[in-house]
Each structure stands twice: as structure tokens, then as C-alpha cells.
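J.: Take a look at the letters that make up each chain.
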Amino acid sequence: MLTFTIRRLLLSIPTLLFIAFVIFMLLELAPGDPMAQMPLTIPPEVKEKMRLALGLGEPWWVRFPLWLKQFFIVEPQYWIDGIFGTNFADGAQRIISFQSRSPVFETIAQRMPQTLWVVGMSYVVGVLIALPIGIISAYKQYSVFDQTGTFVSMIGFSVPPFFSGVLLIVIFSVQLKWLPSIYDTTHQVTSWDTFLFQLKQMIMPVMVLALQTTAQVSRYMRASMLDNLGQDYVRTARAKGMTESVVVMKHVLRNSMIPVVTVIALGIPAIFGGAIITEQIFKVNGLGQLLIIALQGNDIPMVMTITFLLAVLIVMMNLIADILYGILDPRIRYD
Amino acid sequence: MTDQTVDIAAPQRNQWWDVWDQFKTHKGAVFGLMFLIFITLFCLLGPWLWGIDPGKLDIRNKNVRPIYMAIFDSGAKVSWARPMGTDNLGRDIMANIMQGGRISLAVGWTAMVLALLIGTTVGVLAGYFKRLDGLLMRFTDLVLALPLLPLLLVMMLLFRDPLRAAFGPEQGIFILIVTGIGITSWMQTARIVRGDVMALKEREFVLAARSIGTPARRMITRHLLPNVLSPIMVSATLGLATAIITESALSFLGLGFPSDFPTWGKILFDSVDRMTSFPERVIWPGLAISLTVLSVNYIGDGLRDALDPRIRGL
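Listed in order, the protein sequences are those of chains A and B.
Each number in our numbering comes from the position in the first sequence (counting from 1) with 11 added on.
Take the second sequence: its position 18, counted from the start at 1, is 1 in our numbering, and no numbers get skipped.
Bear in mind the hints are in silico, worked out from the structure with no lab data behind them.
Keep in mind that a hint or two might mislead.
Said to hold, decoys possible - Below, a list of computed lysine to aspartate or glutamate pairs in the EDC-like style, where the Cα atoms sit at most 20 Å apart:
1) K261/A to D243/A
2) K7/B to D288/B
3) K294/A to D256/B
4) K58/A to E39/A
5) K10/B to D288/B
6) K58/A to E69/A
7) K261/A to D340/A
8) K45/B to D253/B
9) K151/A to E255/A
10) K294/A to D253/B
11) K188/A to E263/B
12) K113/B to D124/B
13) K7/B to D291/B
14) K188/A to D256/B
15) K10/B to D157/A
As the list claims (entries may be wrong) - If you only want the chain B side, here are some residues facing chain A, beta carbon under 10 Å, derived:
16) L125
17) L134
18) F157
19) L236
20) L251
21) G269
As the list claims (entries may be wrong) - To be clear about the criterion: a stretch of chain A counts as covered by chain B if any three or more of its residues have a C-beta under 8 Å from a C-beta of chain B, and this derived list gives those stretches:
22) 23 to 34
23) 165 to 179
24) 286 to 297
Please read these numbers as outputs of a predicted model, since none were measured by experiment.
Yeah, the Cβ is synthetic: ideal placement off N, Cα and C, and Gly gets one too.
Take these sequences, add in the hints, and give me the full structure.
T.: See below:
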């Protein structure tokens, strides 16, 4: 297991390098110009100087390793300095946003909590709803509950977040006026009332994202339970006279959770991607909105960093899913 | 799973009739198919019957509410000539939904076909030729590890202008969106096809075909492809659904088609600013997207059941 983990960790390095290269070259080859938004009255030679100041004068084989160095060496150094008060970075050049001229990671750190709150909460809520639905649907296959569950998860698959979100706003904010339509990120939780307000403004974005998660995870849970319910060991367990709850909740559920846990791990990056749209609907100023703004402003370092962070998340979650699979299922041997 | 008994039924029937019979028993799938046919005809023949130019401005008749508003509010501005209402520039919403549906469905189908082509090719090659397997699957894994939505957004933003200049504003964006969606959604098909091809390769009929000297090309087209058709068809429905959603999502983020060029996602995006006073403008395109995708998903569900010989005939 350990050797497998180490091997996979080592393998993920070239993967990540390749992904960084793809993103970098896509941004590099693309004809978009970060100076396109500048007024036309700026003379060409000044524009050229501005390009040089942005670091665009160098060819890509100089800038790509530089970005890698900044991302993997300089930024962690600043991070460690920030925590322990050391001075590893020693004033080295950080990754600077074209738009705000401030370090990219500072902006990301400011935006991260909002996204994590909304996305993380919705994932937890979604999974917590999905698991019982999947278990009951499988145990009572083709019952009314199962049919309803299937229908609801079909809706969850089919209704895109930008429609379900807008629909929720129309119903609960516009018609009923129960919930605020805009997520106020400056809101501080200090008392019971402010906590209630925070809860209220989180309900809609969380529900929109959770619907997607629930749809997916409950289907997997149901399929996995169904696979196991027909197995011989279940019949044996019943034949030994175990109660139905022990058979289902202990024997079947434990075995059925193995693939579901990996699906849950693999779904985390996707939900961050989905958050791009949800944040746009509810005006949450999180990472997704930051990415959209950076894209529109041709802010290459910002786009590059956020996209690459998402890629890191995907690779890490794949790795975690594989390792979890190996730990949970003793039949699987990687070595 | 391997003990499939060959059942020689008395009257010879085409297997597709069996599939159709099984498909018919799935109520959701039949409803889905009916709705998909309805919405396709609505978008294809609708503009021809309805005859109102979706882009025509009619300022006198702007902000007409849909016809059902007359029930709730007798003073509402409604007109039988505009059953779904008009937008803030007096453009007829029904004509726009038809036109938008044409584009959305066209993007969905084309992108799906492109993704299937790439996915099936990669899957068959990787599954059949051992030498290519490692390379192709490593590549598939790499693409799967890319954050696709952000990359798609980057592609939209960066390649929009040159393609627009080369192929015209509509054609250029169409090509860009279809290629973008196509090359970011083939991986699942490739994996499924590869797995199935690898399993088929070990079966006796393939061995028999090989023993009479069937060349690889004919082996793939005659023996392997027909047998992996069912997973391909199921992933086609999934692909169509995701392609429609992705196109709408791009339009919704303002990175899809230009604004005078309606698609369902674009109409939805344009209407969000006024949804407090005119919620119906958000609901029409949203319903169109959701119901189409829902029906496609149900068709996929029914197809999966109908194409699985272990379930069929029960």
C-alpha cells in the first residue's frame, strides 16, 4: 500500500507538469492580449514597455519554468513565512495578477472561504441526503419511494444549476420574499440573528449544488446496494437468523460503501467546477467568480493559477480515491 | 455472467424489434422519446408555421406577458398573437425559443457525435491493439485530470475572435463550441468502449474470426463495433444531455454565442436581470433545457435496459 501510494505520488508529478504545460500553452498560443483592454491612445512604445513590465517580453520556455518555480517554490516559502514568521522567501518575486497587481495567492486566499463554505457545506448536505435515499431505494426496489427517488435524481441530473438556482430565486426571493437572492460575503456571524441570516443566505446556493450531488451519489449508492443485496453472503447472513437491520446496515451497507466512498472523493473537483456557475447566479464572490473576472480581463497568471489548482485537486482526489479503495476493500491489491 | 444460453426462438426476428419491445415497456423512456420528437419538430417546423422573425424588434408590443397571466391579473398586458409574451425589445419569445432550440439542439447533436467518434476510435484502438493501450489510456487519464469547465471557458474566450474572423460570427462560434465540447467529453466513452472491446477480444467468436484470417480492420468493423454498439448508444444519450447543458452553461456565463443570436442558455442569461418583474422569460428557456435533457436522460435509461440482454424479456 505504501509503495503504491509513493509510486502514485511520484507519477502524479509528471501528470501535473503536463497539465500545467497544457494550460500554459493554451493561454500562450491563444491570441488574446492582456493589453487589449488598454486605451488606444497609449503610444505603441509605451505599450511595449508595459508588456515588458508584465513579464511578457520573454519567450515561453523562460516564462513557463519561472511560473513553475514561483508556484512550487516561492509561494510555499511565503506561505511558511506567513505561518512561522521565518524568512525563506527573502523577497523573491511572487505570482502577480495582471489586473490587481497584487499576489495571486493573496486574492485566492481571500476568496477561498466563501467558496469552501458554500461548496463544502453543499457537498456534505448532498451526501447526507443521498446515502439514506440510496439505501432505501435499493432495499425497497421498484417501490413508490424508489420511483420517486429515481425521478428526483433524474431531475437533479437534468436541471442545470443555472436554471434550478434561478427558479429558486424566483420562488423564494421574488415571490415569497423569504430568502435573500444575493449572498452577502461581508456578513459577520456575531449573534444568533446574524447566524440565522447566514443560514438563510446559504440555503439556496447550498441546495442548488446539493441537488446535483444528491442525484449522483444516491444513484451510485442504490446501484451498489442492489449489487450486494443479491450476493450469496447476504443469503447466508439471513439464513443464520440475523435481523434484517443487521443484514442491511452492517453487512450490505459496509460492502456497498466501498465504491460510493470513491465516487464521493472523485466528485469533489466536479462540484468546485459547478460552483463557478452557482457563484455567478447568487453573486458569491468566491473562486469561480474570480476565475470568470480574470478570464474576462485576460489576467493570465490568475487564470493559470486557479485552473492549475483545480487540476491539483482533481489529481489528488483521484489518488485519494484509489488509496481509499485499496484500504477499504482487502480484495484489491495494488502491490 | 458468462453463462449466456443461446435461445433459438421459432420465428426469426430482428433483434432491434426485441429492443424496441423492451424499450416500449419503460414509460419514462417512451415519454422522453415523445417529448424529444415534439421539441425537435417544434424547433424545426415551428419557425416555418409561426412565421415571426425572432430578431424583429417591435417596441410597441414590448414586455407583453404570457397569455396565462390574464387569469391571475386581468389588467396584464397579454395578446393572443404573442402567447409566450415578448421581451424588453418586443421580440417574440416563442419565436426566440424555437430559433434558440435549433441552435442548442444542433450544438448538442454535433458535439455528441464528435465526442462519440473520438471516444469510440480511442477506445477501440486502445482495446484492440495492446501496443497503443498504455499510451492512449494514459492520455485519457491526463485529459480526465484537466479541469474541463475552466479550460472550456478559457478556450471560448481566447479563440472566439480569430474563429469569428475566419468563419463569420455564427459559424465561428458554432465550430468553437462544438469542438470545445467534443474534445472535452469523449473520455468516458473511450473507457467504456475499451473495456468492452478487451472483454470481447477474449471471446470464442473473435478467436474463430481470427482463425480464418480476418484482418484487424474487418475484425473491428464487423465483429467488435456491432457488439459495443449498446454502450455507445447509451453514452450517446448521456453525451447529448451533457452537451446541451454545457452549451447553455457557456452561454449563461456570457461566453457562448453572440447576444443577437439566441440559444436557450443565452435567452436565460439575458432574462436573469429582469427576472423579478418577468419571471416567465427565465422559465420558458429553462424549462426547454431541463425537459429536453430530462427526456434524453430517460431515453438513455430505457435504452440501457432495452439493450441489456440479461434484462430483456423479463
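J.: Out of the numbered hints, which ones does the structure contradict?
T.: 18
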